[in-house]
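Visitor: Chains as they are written, first to last, in numbering that gives the first Met the number 0: chain A, 0 to 273; chain B, 0 to 400.
Calculated from the structure, these hints are not laboratory results. C-beta atoms are modelled at their ideal positions from N, C-alpha and C, and glycine is treated no differently. Be aware that a few hints might be false.
What the hints assert, rightly or not - Quick look at which bits of chain B chain A covers, simulated, 3 or more residues with Cβ under 8 Å: (1) 3–16; (2) 286–297.
Stated by the list, open to error - Residues from chain A shown here face chain B by an in silico Cβ test under 8 Å; the list is partial: (3) N108; (4) F156; (5) A158.
Said to hold, decoys possible - Computed footprint of chain A on chain B, listed as stretches where at least three residues anywhere in the stretch have a Cβ under 8 Å from a Cβ of chain A: (6) 20–29; (7) 181–194.
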Amino acid sequence: MTHRTPTTRISRLFARLREEGRPALIAYLTAGDPSLERTPALVAALERGGADLIELGVPFSDPVADGPVIQRASERALKAGATLRGILETARRVRAASEIPILLFTYLNPALRYGLERLAIDAARIGIDGCLLTDLSVEEAGGWVSLARKNNLDTVFLAAPTSTPERLRLVASYSTGFVYLVSRTGVTGEQARVSEAVGPLVAAMRAITHLPLAVGFGISRPEHAASVGAIADGVVVGSAFVRLVEESAGSAELEQRIESLAQALRAALPERKR
Amino acid sequence: MGAFPDARGHFGPYGGRYVPEILMSPLEELEAAYLEARRDPSFQAELEELLANYAGRPTPLYQARRLSELAGGARIYFKREDLLHTGAHKINNCLGQVLLARRMGKRRIIAETGAGQHGVATATVCALFGMECVVYMGVEDMRRQRLNVFRMRLLGAKVVGVDTGSRTLKDAISEAMRDWVTNVATTHYLLGSALGAHPYPMMVRDFQRIIGVEARRQILEAEGRLPEAIFACVGGGSNAIGIFHAFLEDEGVRLIGVEAGGAGDELGRHAARFLTTTPGVLHGTYSYLLQNEDGQVALTHSVSAGLDYAAVGPEHAWLYDRGRAEYVRVRDEEALEAARTLARVEGLLPALESAHAVAEALKRARQFSGAVIVNLSGRGDKDIDIYREHFQDLDPPHADH
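With these hints in hand, go ahead and build the complete structure from the sequences.
Guide: Here it is, written out as structure tokens:
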């Protein structure tokens with residue numbers, strides 16, 4: 000890459016947590032579910048509960064990487080009128096109240112339609128720190144990565160248990176901020192236990208890059224966070240929060256329940272003495 | 000014209016590989032295995048043997064004299080893919096991919112289906128090779144193509160209804176991709192059209208290319224010269240690219256792709272992708288895509304489940320941009336009427352998909368004086384319920400009394 004590595008809230012977060020010797024709690028929410036108006040309050044609840052980084056999901060009509068929980072959330076959000084433009088506006092409201100790092104998490108097509116250059120400029124201006132484009136393979140990502148570098152946005156890419164060593168190297172070289180390791184072959188969603196593929200994947204990636212490594216997919220319970228947090232620099236929890244939104248959207252207690260789950264997950268993260 | 004796609008699966012700006020990272024290595028493996036098989040004479044020999052003795056190739060090129068007379072102008076020929084085993088061109092690709100799956104050591108096959116033709120062809124080759132078969136199908140399509148659902152089950156396949164989104168082909172593909180992401184170590188995704196991430200658009204085209212190779216030879220035998228035009232319906236576009244491809248260098252041959260005009264030109268009422276000027280990414284490939292202004296994939300409509308899809312195969316997008324092929328749309332009503340005409344004048348009952356190509360050829364026959372070929376990609380048995388619903392005058396409640 001020709002541009003220098005961005006310095007964002009994301010890289011500062013991981014630098015600080017490295018000093019503190021603990022992994023990050025990364026929380027995913029589908030923006031606009033149940034409504035864009037409510038999303039900032041849910042983000043605030045996550046932050047109160049101890050989330051360190053927010054993945055703000057952009058709903059897409061055809062979410063091929065997502066399991067039923069996030070599929071339904073996407074449908075609800077789209078029905079409630081969420082658009083990428085509206086989500087950026089919502090991120091602006093979040094940013095006005097908080098310095099929590101924000102990663103925009105989206106399928107490629109809404110971003111293409113918005114315009115990749117316009118997205119990079121607008122996201123950076125609003126105070127979003129990075130973007131992860133789920134179905135943008137590194138092979139097709141050259142143009143996007145340049146735009147993101149130019150605008151000081153992190154580009155987070157996925158690595159998977161199926162990735163070959165050459166692909167892991169490619170993914171690491173295109174990523175900034177952190178690398179998102181997919182814990183297992185499958186779609187997003189809660190699982191009873193964490194895949195055994197995690198350990199080898201983390202080890203393989205450590206041998207390639209000094210970037211922080213976050214692990215997601217299938218992590219929903221405190222005991223998962225504890226075991227993954229022992230080897231990774233970040234633990235991503237998505238469907239468990241989204242399911243709470245589904246169950247309690249009509250209730251004034253939703254924010255409290257979100258905060259409590261975040262607290263429980265955060266409390267389970269191991270301290271690592273350096 | 001040069002060879003397309005390029006090494007990364009691009010047809011000009013279109014195509015490529017836009018999938019979550021989990022699928023990238025499996026797609027690389029599939030591409031490597033396919034390229035190796037393509038060069039392997041024993042693979043090609045086994046495929047040719049199956050195409051000849053199991054599927055029924057070569058298919059005839061039939062001159063439809065009564066229809067030509069009715070239409071006036073062109074001498075209309077039909078490439079009779081409807082005569083293939085399972086009733087459509089889909090079997091060409093299924094035989095190729097199932098051999099590839101076996102070569103890769105995969106014993107479980109998954110597929111999507113719209114009209115059910117690809118699902119039936121997949122279930123058939125899985126029965127033939129003793130492989131586990133799971134077919135994803137939108138519940139809306141299951142309703143309108145009940146006969147094919149039963150055929151698949153009879154052949155031993157598991158048919159899984161998809162009850163998300165528009166409940167049609169698009170959602171069936173999404174669900175098949177989710178299955179593949181989850182079971183990729185053991186499973187081959189037998190994609191049925193010239194769609195999806197590289198190498199699928201290239202591989203499916205190669206397996207369907209035989210249609211045009213045969214048709215070109217046959218028309219030269221019959222007419223002593225090339226046809227003036229070729230008509231083929233375009234959903235994902237596999238039968239169309241299959242018959243077009245051998246004629247790409249023959250610049251005098253007009254290539255006419257016929258999309259589903261559905262019930263009207265407003266977004267949501269048709270599946271005419273070339274009505275839009277906005278490409279996008281759906282199911283792993285960059286191509287023309289029906290979508291709203293926020294980049295959400297639009298709902299589509301066609302009386303024909305096999306054409307009812309929001310994106311078009313990337314090679315068609317490239318042929319369109321370069322002006323090598325033209326793309327038109329035919330509405331539901333026109334396709335239904337063309338089917339009835341063809342049945343009455345030639346005794347051929349086409350699939351509703353193919354009826355779109357027939358309708359366009361009838362409409363434009365007077366523009367030509369020489370031969371034109373229509374790809375009769377499938378037969379109409381599966382559509383009897385829809386024809387019956389539509390032509391109620393032929394089916395009065397007490398006609399037998």
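Visitor: Any hints from earlier that this structure breaks? Give me their numbers in increasing order, please.
Guide: none
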